[in-house]
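Asks: Sequence:
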Amino acid sequence: MKIFLTFLLSLSICFTCIAQNRAKYKIKIVEKSGKVSRGNFYMAADDGLTIIKFNRDTVKLKAENISALYISRKGVIGPLMIVGGLAFVVWSASNNNALESAVILLVGAPIGVSGGLLVGQLLANKKYYKKLEAKDFPLIKENLQKYTQIK
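Those letters in the sequence shown? Residues -19 to -1, 1 to 132, per mature numbering (1 follows the signal peptide of the UniProt record, and there is no 0), in order.
Each statement offered as a hint is correct.
Beta-carbon label-pair distances, calculated as ranges:
{"no.": "1", "residue 1": "Leu80", "residue 2": "Asn36", "range": "47 to 55 Å"}
{"no.": "2", "residue 1": "Leu80", "residue 2": "Asn124", "range": "50 to 58 Å"}
{"no.": "3", "residue 1": "Glu45", "residue 2": "Val88", "range": "48 to 56 Å"}
{"no.": "4", "residue 1": "Ser18", "residue 2": "Pro119", "range": "19 to 27 Å"}
{"no.": "5", "residue 1": "Gln126", "residue 2": "Lys(-18)", "range": "46 to 54 Å"}
{"no.": "6", "residue 1": "Ala26", "residue 2": "Tyr109", "range": "15 to 23 Å"}
{"no.": "7", "residue 1": "Ser75", "residue 2": "Arg37", "range": "43 to 51 Å"}
{"no.": "8", "residue 1": "Gly56", "residue 2": "Leu120", "range": "26 to 34 Å"}
{"no.": "9", "residue 1": "Val71", "residue 2": "Leu120", "range": "45 to 53 Å"}
{"no.": "10", "residue 1": "Asn78", "residue 2": "Lys5", "range": "42 to 50 Å"}
Taking lysine to any residue and the SDA-like style, the derived pairs with C-alpha atoms no more than 20 Å apart in a straight line are:
{"no.": "11", "residue 1": "Lys41", "residue 2": "Ser14"}
{"no.": "12", "residue 1": "Lys(-18)", "residue 2": "Phe69"}
{"no.": "13", "residue 1": "Lys13", "residue 2": "Glu45"}
{"no.": "14", "residue 1": "Lys55", "residue 2": "Lys107"}
{"no.": "15", "residue 1": "Lys5", "residue 2": "Tyr109"}
{"no.": "16", "residue 1": "Lys7", "residue 2": "Ile33"}
{"no.": "17", "residue 1": "Lys16", "residue 2": "Ala44"}
{"no.": "18", "residue 1": "Lys(-18)", "residue 2": "Ile(-7)"}
Note that these hints are calculated values from the structure, not bench results. Cβ atoms here follow ideal geometry from the backbone N, Cα and C, with glycine treated the same way.
Using the sequences plus the hints, can you model the full thing?
Replies: Here is the structure:
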């Protein structure tokens, strides 16, 4: 039991330190040609967007080519799924009856992970822009600035 409490304490300290970091956002850009680009949202300008792809390439996309944007917060869902599953693991470890512990672990851990997934999806701060035109970018640039990595 002491090892679980020590683990949970270190996990909570880790999450507290991570929470101090500035949030990063994932972006999915659909171009008018149908091509989809995904990556981390880096910068917004009047004439387009700059993203960092997952292979670390920087890509600048022009406003004329973009038809839709999907922005969501990065790194929210996974930790909440882990915490939800670990809550049931700790609950089953604290129970004295072996059969009840096994049932709580086998049934509760998937429920905790699913609950963490649901809460993570609700907290992901999703933002959608559909049917964009080039003239819309100067108008939405100020809204997009709060999601960029550069201020």
